[in-house]
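So the protein lines, in turn, are chains A and B.
The first sequence begins at 6 in the numbering used here and counts up by one.
The second sequence begins at 116 in the numbering used here and counts up by one.
No lab work stands behind these hints: they were computed from the structure.
Glycine included, C-beta positions come from ideal geometry on N, C-alpha and C.
Mixed in with the good hints, there may be bad ones.
Part of the chain A face toward chain B, derived, beta carbon under 8 Å [what the hints assert, rightly or not]: (1) Ala14; (2) Ala38; (3) Val97; (4) Arg112; (5) Ala114; (6) Ala115; (7) Ser130; (8) Leu134; (9) Gln137; (10) Phe168.
Away from chain B, derived, C-beta distances all over 12 Å, residues of chain A [claimed, not checked]: (11) Leu12; (12) Arg27; (13) Ser34; (14) His39; (15) Ile44; (16) Val50; (17) Glu57; (18) Arg64; (19) Glu88; (20) Gly120; (21) Leu124; (22) Gly126; (23) Leu178; (24) His179; (25) Ala202.
Cut-off 20 Å, straight-line C-alpha distance, at most; resulting in silico cross-link-like pairs (EDC-like, lysine to aspartate or glutamate) [as the list claims (entries may be wrong)]: (26) B/Lys311 with B/Glu324; (27) A/Lys93 with B/Asp224; (28) A/Lys136 with B/Asp253; (29) A/Lys151 with A/Glu88.
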Amino acid sequence: MMALDALQADALREIINIGVGRAASMLNSIVKAHIQLRIPEIQVVAPDGVRELLAERRRHRLSVVRLPFRGRFSGAAELVFPEESAAKLVSVLASEDELPLDADGARSAALTEVGNILLNGVMGSFANLLKQPLRYAVPVYSEFGKDAGGVLPEMDATTAVVFAQIHFHVHELHVVGDIILVFGTGSFDALVESIGAYVRELS
Amino acid sequence: MTPGADAFELLEHVPTGAVVLRDDFTVLFWNRMLETWTGIPRERALGRSILELQPRLAEPRFRDRLDDVLRGGPPAVFSAKLHGHFLSAPLPSGELRRQQTTVAGIPADPGAGTLALVIIEDVTELTRSVDAYRAMRDKALAEVETRKAAEAELLRSRESLRATVAEKEVLLEELKEKVDKVATLSGMLPICAHCKKIRDDRGYWERVEAFISKHAGTAFSHGICPECYDKYYSHL
Chain A
6 MMALDALQAD ALREIINIGV GRAASMLNSI VKAHIQLRIP EIQVVAPDGV
56 RELLAERRRH RLSVVRLPFR GRFSGAAELV FPEESAAKLV SVLASEDELP
106 LDADGARSAA LTEVGNILLN GVMGSFANLL KQPLRYAVPV YSEFGKDAGG
156 VLPEMDATTA VVFAQIHFHV HELHVVGDII LVFGTGSFDA LVESIGAYVR
206 ELS
Chain B
116 MTPGADAFEL LEHVPTGAVV LRDDFTVLFW NRMLETWTGI PRERALGRSI
166 LELQPRLAEP RFRDRLDDVL RGGPPAVFSA KLHGHFLSAP LPSGELRRQQ
216 TTVAGIPADP GAGTLALVII EDVTELTRSV DAYRAMRDKA LAEVETRKAA
266 EAELLRSRES LRATVAEKEV LLEELKEKVD KVATLSGMLP ICAHCKKIRD
316 DRGYWERVEA FISKHAGTAF SHGICPECYD KYYSHL
């Protein structure tokens, strides 16, 4: 697996932040509330590393929106929230009292939309800035128990994962989730090459 | 070449609303479900811009995301929770159907850009069920709160009653003691004709000061009266 140099790592952060910024302005226009999205850190990790990172989150049930993509680089983008935080977020966005997500299919649909906007922003940013058209499947919402697997798509030793923590601030609510981009075999190398070309073009 | 409406006839057999848009928002296909829901017949919809047919979709929160899909971007989901409805489709009661909508890009022939397939599910009944569930839950929670408040009030009253009873019992005990003392002092007291000691109910002779002190709580201070002074100390 190729590694990112310092400039490429900066470019990756920039690409994700541009996508998240775009998603924030779209969310603001939909819910007419001031939503702030912040990505304090981004890490590129091997599958074992991401399992360790996720293990910390597995004290809760998790709500996951997954957007599979194909193209020069293929894989899946995911937005992962502890279920309780996800329910709170949807309640605030929909301006109503809180119910568990499983009590209301419409709520999980709303969370799918939030994930859809966010992941579209990020993936759109990759596709547009790196000039790499991608094909997408329809986003899917799932919930996972504390001990169940399946939060991440199947991975092998050559899979690379971009792990970005995302902070939502809306009204008094502060919710932390994760954006996880899983790049299949060979795809991360293609991504690094594309980012390298993008950096060269900028300089 | 842009496909005609016949190319999408399969979408007549799905239990949802279905519309196909060209990359300039022109309607290429409009299924019968949508004819029923919106009252707009297919002949009137085909060839017209969806933004004209449904002006609400020209708002940036819809149009920008539709644009993204038509430029080859990822599918867009519009939930009933955040948007209510996608197309204006009134029920006989006048209420608008609540809709869950997914818009996915379909690559058209080379040079023809991307088409958008819009699938619209009517989730009005689901929403009603959830609203009914929420109302039921709110009612049950309110009843539980009322019951809790009543129980707390009952507990407070019981504690207050218990304190009052305890206070009365103390007063009653004090009263009883006083009555006993009065009874002791108000009866006939056997007293020594010489030394003036008093015999108690157990047969012991006590000095008059000690007896009265014990039964009436009276304290004594000792002095000498003038007559006794003359009688006992005149020689000094």
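How the hints compare with the structure:
{"no.": "1", "hint": "Ala14", "result": "violated, 25 Å"}
{"no.": "2", "hint": "Ala38", "result": "violated, 11 Å"}
{"no.": "3", "hint": "Val97", "result": "violated, 12 Å"}
{"no.": "4", "hint": "Arg112", "result": "holds, 6 Å"}
{"no.": "5", "hint": "Ala114", "result": "holds, 4 Å"}
{"no.": "6", "hint": "Ala115", "result": "holds, 4 Å"}
{"no.": "7", "hint": "Ser130", "result": "violated, 11 Å"}
{"no.": "8", "hint": "Leu134", "result": "violated, 13 Å"}
{"no.": "9", "hint": "Gln137", "result": "violated, 11 Å"}
{"no.": "10", "hint": "Phe168", "result": "violated, 20 Å"}
{"no.": "11", "hint": "Leu12", "result": "holds, 27 Å"}
{"no.": "12", "hint": "Arg27", "result": "violated, 10 Å"}
{"no.": "13", "hint": "Ser34", "result": "violated, 5 Å"}
{"no.": "14", "hint": "His39", "result": "holds, 15 Å"}
{"no.": "15", "hint": "Ile44", "result": "holds, 19 Å"}
{"no.": "16", "hint": "Val50", "result": "holds, 24 Å"}
{"no.": "17", "hint": "Glu57", "result": "holds, 29 Å"}
{"no.": "18", "hint": "Arg64", "result": "holds, 27 Å"}
{"no.": "19", "hint": "Glu88", "result": "holds, 16 Å"}
{"no.": "20", "hint": "Gly120", "result": "violated, 8 Å"}
{"no.": "21", "hint": "Leu124", "result": "violated, 7 Å"}
{"no.": "22", "hint": "Gly126", "result": "violated, 9 Å"}
{"no.": "23", "hint": "Leu178", "result": "holds, 16 Å"}
{"no.": "24", "hint": "His179", "result": "holds, 20 Å"}
{"no.": "25", "hint": "Ala202", "result": "holds, 20 Å"}
{"no.": "26", "hint": "B/Lys311 with B/Glu324", "result": "holds, 10 Å"}
{"no.": "27", "hint": "A/Lys93 with B/Asp224", "result": "violated, 44 Å"}
{"no.": "28", "hint": "A/Lys136 with B/Asp253", "result": "violated, 52 Å"}
{"no.": "29", "hint": "A/Lys151 with A/Glu88", "result": "holds, 11 Å"}
Consistency note: the structure conflicts with the earlier hints numbered 1, 2, 3, 7, 8, 9, 10, 12, 13, 20, 21, 22, 27, 28.
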